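From first to last, the protein sequence lines are chains X and A.
Add 5 to a position in the first sequence, counting from 1, and you land on the number used in my numbering.
Add 206 to a position in the second sequence, counting from 1, and you land on the number used in my numbering.
Note that these hints are calculated values from the structure, not bench results.
Keep in mind that the hints are not guaranteed to be accurate.
Which stretches of chain A does chain X cover? Using the computed rule of at least three CB atoms under 8 Å from a CB of chain X, they are [unchecked claim]:
(1) 258-265
(2) 273-287
(3) 290-296
(4) 301-307
(5) 360-368
It should be emphasised that the depicted structure is a prediction, and the values quoted were computed from it without experimental measurement.
For glycine and all other residues, C-beta sits at the position ideal for the given N, C-alpha and C.
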Amino acid sequence: MTTTVSAPATPQTAAPAPGVRRKRLVVLGVAAWIVGMVLVPWVVQSDLWMGIGIFALIAAIGALGLQVIMGFTGQISMGHAAFMAIGAYTSAWLGVEKEQPFWIWLPAAAIVSGVAGAIFAPAAVRIRGLYLAVATLGLVFIGAYVWETWTTLSGGDGGRVAAPVVINGQDLLNGYWSGDTQVLTLFQAWWYFALAVLLVVTVLAWNIKRSRLGRAMMAVRDKDLAAGVVGIPVTRTKVVAFGISSAFAGVSGALLTAYMGYFTPSQWGLMLSVDMIAMVVIGGLGTISGAILGAFFFKVMPELINWLAQYLPFISQDAKVDGGVTAPLLSQFLYGLVIVLVLIFEPRGLSQLCRRPFTRLRAGRQEETR
Amino acid sequence: MSDSALTVTDLSVRYGAAATALDGVTIDVPRGEIVALLGPNGAGKSTLMRSVSGLLSVHGGTVTNGTVEVLGVDVTRMRPSARVRNGLAQALEGRQVFPDLTVGENLAAGAYVRRYKKAEAKEVRERVLSHFPKLHDLMDRQAGYLSGGEQQMLAIGRAMMSQPSVLLLDEPSLGLAPKIVETVRDVILDINSEGTSILLVEQNAAMALSIAQHGYILEGGRVVKDGPAADLRNDDEIVSLYLGVTPTEGAGQHG
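The shape of chain X in the complex, shown without the other chains:
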């Protein structure tokens, strides 16, 4: 203590470099986020909200996948729903028909979807922009046809059961028990399971972004001609990006169905792809936090507005035959409005919006030191 006081405090030791300070802020933020997420099941007591939260965690995994192809590599993909479906059917087949545990079917869903993405990619990387959007859009419809006709796998219109997540001989959909006492409810158990998978996927995405591969993706996104000229194999980079993106989508699809327990071919429609795109755009393209924030915003916001609507006058909770504004209707309006507002005031998405106070703070500090 005394030695530190007597030592002359040079500006360098007193205030770390901006880069270091920023890194600390990031580490602190991530730590706070993880702690917060772990505590959620003990704070949120409502089954409804826990269910929404679990859907958001699972959606975030898919959104991170889309972030790899759209945010990092700059290639639009409307076909995410198809890859989620491939993951879902892979997991269901392995988990139910073949009775494999989740640590087999979950990675398998990633691999099969990833390979499917990489097989499709060579056709897709030749085109860009709207043409790519249309081509990937086609995937969704091809997928829909396959799921509806391949009834032995999909169960046809009636759907099929999904793979169960069994840990220590216990299906998580029954909660987690120790003897006769329930340690975790269904929602708590699933929250932790989905959170664990999301954390793994997040770490992967984070590492990809900072790696040689990630830089190559972002170089292709920024200037694909220049990327080729500096030695980045543009086509191969896009193919790998498609593969990784699809693999994440596959995991998301597998988890989604496992949580629901039962699924039909009709849920892998175009709207699912559009929802995913909305998540990464609202959250912020090209950032890890954007995908996660976007997923939560997308899942929580409509319910929140729905819930708020009951405190507003002139709004009926349920649909009425004589018209008038109902809560779900208003919720849709407001939800659309919020998206428009976010995109008007911060086109770089929610993740930038959340960073604003910190960038302001930092800018202020730099002004002071000058």
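Since the structure of chain X is already known, use the hints to place chain A on it.
Below, chain A alone, put in the same frame as chain X:
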């Protein structure tokens, strides 16, 4: 095996079915030298650069005849990234830095084909940055927010990260203030003095000929004149055509 860093032999290029952009062009960049490529707009300078760097097909052009060799290796049919692996690097016209990446990330992207180990990467980066001391303080800055001169430095630095034998520079002085052009000129000389051969395409003929050993004049897709830079500087026709007025006002960029 050869003492040429870059050889273009009898190269003919066509865009689509009709226009012949290059017609039997032969150019040689000896090891360790700077060679200037001059010519009016539409002479085929950019086409030649694209054929060398491998971007021709992107622009809808095809090589109908001839070869491009880097250090004696035929790269005529190679993809751009494969050419970089063979020792070629290019700073594209209009700089073309990756705007959303930081300066450091831009440089790292330039080292993609080399797969440096961490320490090695740092060493190469330091060596490259020694040519551009200014970039040192801008490492965490987004490249899109740099000034034109800084972006040009970054584009050249990014190309140098693969430690190329041959560096193609396409209009490095375009749109830069005279004082910055001076700096760019010094950097080119500096890089060349460490052994990198350079093919320099320039509108600013005075600058190009002042640092090149050899020059080629391209017109209508053919080499109409070539010789030691010193001779070209004193050639009446060239003086009146290219050196009469100092820097062009960055006229058209396609040629």
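Notebook entry, point to check: Any of the earlier hints contradicted here, and which numbers?
Noted result: Result: no hint breaks.
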